[in-house]
Amino acid sequence: MKLTLSGIDRSFGDVQVLFDVDLVLNPGEVHALIGENGAGKSTTMKIMSGYLAPTAGQVLLDDVPATFAGSQDAEGRGVVLIHQEFNLAEQLTVEQNVFLGHELRRGPFLDKRAMRARTQALLERLNCKVSPDARVRDISNPDKQMVEIAKALGREARVLVMDEPTAVLTEREAEVLFEQVDRLRAEGVAILFTSHKLDEVKRISDRVTVMRDGRVVAQATTAEMSEDDMATAMVGRDVSSLYPARTRPVGDEVVLAVRDLNVPGHATDVSFDLHRGEILGIAGLIGSGRTETMEGLVGLRTATGRIEMHGQQVRFDRPRAALAAGMAYLTEDRKARGLLLAKGMRENLTLQSLPDFTAFLIDERAEDRALDRAIADFDIRAPHRKVEVGNLSGGNQQKLLLAKTMLADPEIVIIDEPTRGIDIGTKQQIYAFIHALVADGKSVIVISSEMQEVIGLADRVLVMRQGRVAGELTGDGIGEDRIVRLAMGLDGMRGAA
Amino acid sequence: MKLDLHVLGPILALVVLVLVGAAMNSNFLSAANVTNVLSRSAFIGIIAVGMTFVITAGGLDLSVGSMAAFIAGLMIMVMNGLLPTMGPGWPLVGVGVGAALLAGLLAGFLNGFLVTTMRIEAFIVTLGTMGIYRSLVTWLADGGTLSLDFGMRTVIRPIYYNGILGISWPIIVFALVAIAGETIMRRGAFGRHAAAVGSNDQVARYSSVDVNRVRMLTYVFLGLLVGIATIMYVPRLGSASSSTGVLWELEAIAAVIIGGTMLKGGFGRVWGTVIGVLILSLIDNILNLTDGVSPYLNGAIQGVIIILAVILQRERKAEG
Amino acid sequence: MKHLRTTLLGAALAAGTALPAFAQETQVIGVSIPAATHGWAGGMNFHAQEAIDRLEEVYPDLDFVLATASDPSKQVNDIEDMLATRNISALVVLPFESEPLTGPVKAVSDSGAWVTVVDRGLAQEGIEDLYVAGDNSGFGRVSGEYMTEALPDGGQIVALRGIPTTIDNERVEGFEQAIEGSGIEIIDMEHGNWNRDDSFTVMQDFLSKHDQIDAVWASDDDMAVGVLAAIEAAGRDDVQFVLGGAGMKEMIARTRDGDPMIPANVTYPPAMIATAIELTAVGLTSSAPVSGTFTIGSVLVTQDNAEDYYFEDSPF
Chain A
1 MKLTLSGIDR SFGDVQVLFD VDLVLNPGEV HALIGENGAG KSTTMKIMSG
51 YLAPTAGQVL LDDVPATFAG SQDAEGRGVV LIHQEFNLAE QLTVEQNVFL
101 GHELRRGPFL DKRAMRARTQ ALLERLNCKV SPDARVRDIS NPDKQMVEIA
151 KALGREARVL VMDEPTAVLT EREAEVLFEQ VDRLRAEGVA ILFTSHKLDE
201 VKRISDRVTV MRDGRVVAQA TTAEMSEDDM ATAMVGRDVS SLYPARTRPV
251 GDEVVLAVRD LNVPGHATDV SFDLHRGEIL GIAGLIGSGR TETMEGLVGL
301 RTATGRIEMH GQQVRFDRPR AALAAGMAYL TEDRKARGLL LAKGMRENLT
351 LQSLPDFTAF LIDERAEDRA LDRAIADFDI RAPHRKVEVG NLSGGNQQKL
401 LLAKTMLADP EIVIIDEPTR GIDIGTKQQI YAFIHALVAD GKSVIVISSE
451 MQEVIGLADR VLVMRQGRVA GELTGDGIGE DRIVRLAMGL DGMRGAA
Chain B
1 MKLDLHVLGP ILALVVLVLV GAAMNSNFLS AANVTNVLSR SAFIGIIAVG
51 MTFVITAGGL DLSVGSMAAF IAGLMIMVMN GLLPTMGPGW PLVGVGVGAA
101 LLAGLLAGFL NGFLVTTMRI EAFIVTLGTM GIYRSLVTWL ADGGTLSLDF
151 GMRTVIRPIY YNGILGISWP IIVFALVAIA GETIMRRGAF GRHAAAVGSN
201 DQVARYSSVD VNRVRMLTYV FLGLLVGIAT IMYVPRLGSA SSSTGVLWEL
251 EAIAAVIIGG TMLKGGFGRV WGTVIGVLIL SLIDNILNLT DGVSPYLNGA
301 IQGVIIILAV ILQRERKAEG
Chain C
1 MKHLRTTLLG AALAAGTALP AFAQETQVIG VSIPAATHGW AGGMNFHAQE
51 AIDRLEEVYP DLDFVLATAS DPSKQVNDIE DMLATRNISA LVVLPFESEP
101 LTGPVKAVSD SGAWVTVVDR GLAQEGIEDL YVAGDNSGFG RVSGEYMTEA
151 LPDGGQIVAL RGIPTTIDNE RVEGFEQAIE GSGIEIIDME HGNWNRDDSF
201 TVMQDFLSKH DQIDAVWASD DDMAVGVLAA IEAAGRDDVQ FVLGGAGMKE
251 MIARTRDGDP MIPANVTYPP AMIATAIELT AVGLTSSAPV SGTFTIGSVL
301 VTQDNAEDYY FEDSPF
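Residue numbers (my numbering), protein chains in the order written: chain A, 1 to 497; chain B, 1 to 320; chain C, 1 to 316.
Since the hints were made in silico from the structure, they are not lab data. The beta carbon of each residue, even a glycine, is placed where N, CA and C say it ideally should be. Please note that the accuracy of each hint is not assured.
Some but not every residue of chain B turned toward chain C, in silico, with C-beta under 10 Å [said to hold, decoys possible]: (1) F109; (2) G143; (3) T145.
Below, a list of computed lysine to any residue pairs in the SDA-like style, where the Cα atoms sit at most 20 Å apart [claimed, not checked]: (4) K264/B with G390/A; (5) K335/A with V155/B; (6) K264/B with D356/A.
Simulated restraints on C-beta separations [unchecked claim]: (7) E125/C with L110/A: 47 to 57 Å; (8) M118/B with L110/A: 34 to 44 Å; (9) E232/C with S26/B: 20 to 30 Å; (10) S70/C with E121/B: 31 to 41 Å; (11) L127/B with H384/A: 36 to 46 Å; (12) D333/A with E97/C: 53 to 63 Å.
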């Protein structure tokens, strides 16, 4: 089925967010929709799939004008949107999820056998090995993604719209997904997806639409555009120098020494040093214990081992203690763990440092001043100061989270996935900010699943595998191939610093 | 900040009720009736202020009604028991008050301990303690009524019926508790932390907030307030029985929700709770003062108003 | 009625004490009553327990199972459990509500066990072997008659009702019939739910609403406590007296001591449960004729006879 957007405008109140958007999804074609956060991608997808109605313009299905009464209506006509956050009932089985709301019946009873057979067939079609009886909460992220797709296919989807399907997947997991996308394309499904990862776009899509500020600024076949072209079109300026150069050398002083840190079930005998003004990268596959190790370090998890800051042994049984000693951890999951989405920026900004703003009562004026400073220092762009944080774009949320962490003035900052799901322009700002921190004599640990990010940022890289430090790379030794080999266990070398 | 229905809703409902009451009966706005309504609101009101914090932090406490009955029984027994040695007088009242406050603190601590340290659902914990306290008071009273010694009753009576400048003590205490609660909720680090915990306890934990401590404190605070409410209650009739405080927990929860606090936690408003309590007492008062509505329907009218109040507030959510 | 009861019991007890001579197997009597949720029920629970303790000593061959229920469905469960697991030979039941309990009690009766129903009748006649009944319309009538005597020139009164039930309706009807044509007018009536706090609130509002109230029919002593506190707090002296009911011991004591506000009381003895249990025990263990209906009438208590109705140990 062919889906066409023709001259779409959309406004929220007085604010127009889409201007004259034209876009054609052809059957058997994978279309990438890219742009910075807030460029209008989400709104465009929601209009395609019936979640929102256009203010002006038309949606056409096979060249016939279509007005969707809602997302259910759109699904009924074969247009399905898969949300970035999985829309699955965690406690139900795969099969129950696939047929949720569309259960097959035989008389008054559920036709379990038929549903099971169909689920099996759908999963096989996607080459997914998950059992229909597995509970969704027990399966991996890529499998959940597959279940979402199976669910869509179960509803005879002919147009599949995917909002950042790879955001929560590792590169290897993403590759599995792309194989299935290839397969669906061959079956004649029209597919649109968004991604911040331009190499993926290059790898999988046939056609690219670039949006900026609510307008389509470039549209071409993927072959015609290089990744640089895409980035430039998205940002509207040259972004070839994503990673800033060091302005000050790494210091000699060891500010943090970790010895034999054990986090039960996640990390075993992790040891490393961190120097003043250093950026230490931590690489490894998802599940290698990177996040858990750092959570153990700052007292978010039970951990044993010896931790020294400036040669003094310290012990953190709770995050507050780590913070007081000058070490802060910035979570990878800004929506579920980082920010209170239903609260304003001020409450979020000061949550971690509230004692600093409280004598007997909270000094709200001091909070406002802190917010003013944060907005200026971190270039947070919000429609107004009272906005609920959940309504900020991912990039601005991440900047706010950084501001919140820095408000406690930590000396050592551990940043888990600093740029997950945010656009390239904001990435550049965050990298610049990390460099400003180390230039200021602070030390930073960066955990990242993005290889390029680790390589571009870190002075030194620890690679973790199965809860242990598999190896350490420095200087010119930091390379994609080396990291992958260590992370996958293909290399026997250990601790060759 | 512009005023919207979310803020205005409860106030509007209260104003409408006052106008209706005044139109129905000329005695409605008399000092005596206003004093009556405010004084009798004080028990639930004081408890509801504490409940606002518990709910804001994502918890719930079903045990407060039973807890109040139990503490009332305990307070009476302590005073009766010490009467022969201490004699009737204010020192003995002081002991009773101390016992009530201590019992409230401990009961709140027990709920908090089971919810935080033992990690049991608040609903289940407090459903359990609700039954426990209710049974205990029935047992203490041997199925009947625990009555304060008559001599002592005269001594303690002023706590409910007297006051300063014509304002009775329960009203004064209620007002003080409400003002303190509102201040802590809006401007205190504890209120902010409670809202953060109720909003998303993971975010709070990752923001170095001691989640368990905050939760625990909300229950302890509520227990203490139940103790205070009981201190106001006992002097009124000088007795406690198994029918004391029945359904107070639901009235308190209803008042909190009418006032605009979110049942699932994350946002609390103490002044709204106060309005909610007043709305509930006024409905009863007006129905008693007027003829024409079958008393069988009191519950239905309350129910309709609770639901309306919540719908009014959600309207705005949908728009915004 | 009281006399009939006493004589009967005397005879039966005499028969009972003679019984242990027969080597009988142990029989179980189930007692199912509402939990002590208000003063009267508390008294009733007390008397039930006391009767059981006493009878277990008198009749070594009898075992008693006491279950208190906080709602009708729990009472149904209790009775079903007694029948299924305790193999009861007799059931003494004070039904929470008539309709829901009729079926389960009938099942007990059909199993061949003896059934004694107390206070509240079942929805279907002829199920029970023995019916020990309180007289609710009599309770209302006696109260009304006292009211007309105490206010010979008529007057304005307010009334507090109990929890909305048949019992309450019968009492109020009896009361209204008794005061008809006497010049006494009920100017307001609300439910105080047999509860001190509720009646306090209702009475406060009555006092705000009405400038002249000559007397209050509180219809229950728990409610009278709340009513008295409200009157005292309001400092009103137009109310001449408060008529409660059911014979709570503190109230009986005040009547006995000549308190002008509590000049009388009307009994509705919670001890009727003890009577029923005793009669059942007698019925099971002897051939004394105890089946049929025993109505325990409501008696007016005044200063003259108050001493007879004061039970020191009762919690009610």
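Verification of the hints:
no., hint, in the structure
1, F109, "violated, 27 Å"
2, G143, "holds, 4 Å"
3, T145, "holds, 6 Å"
4, K264/B with G390/A, "holds, 18 Å"
5, K335/A with V155/B, "violated, 58 Å"
6, K264/B with D356/A, "violated, 29 Å"
7, E125/C with L110/A: 47 to 57 Å, "holds, 48 Å"
8, M118/B with L110/A: 34 to 44 Å, "holds, 38 Å"
9, E232/C with S26/B: 20 to 30 Å, "holds, 24 Å"
10, S70/C with E121/B: 31 to 41 Å, "violated, 23 Å"
11, L127/B with H384/A: 36 to 46 Å, "holds, 43 Å"
12, D333/A with E97/C: 53 to 63 Å, "holds, 55 Å"
In summary, the structure is inconsistent with hints 1, 5, 6, 10 from the numbered list given earlier, while agreeing with the others.
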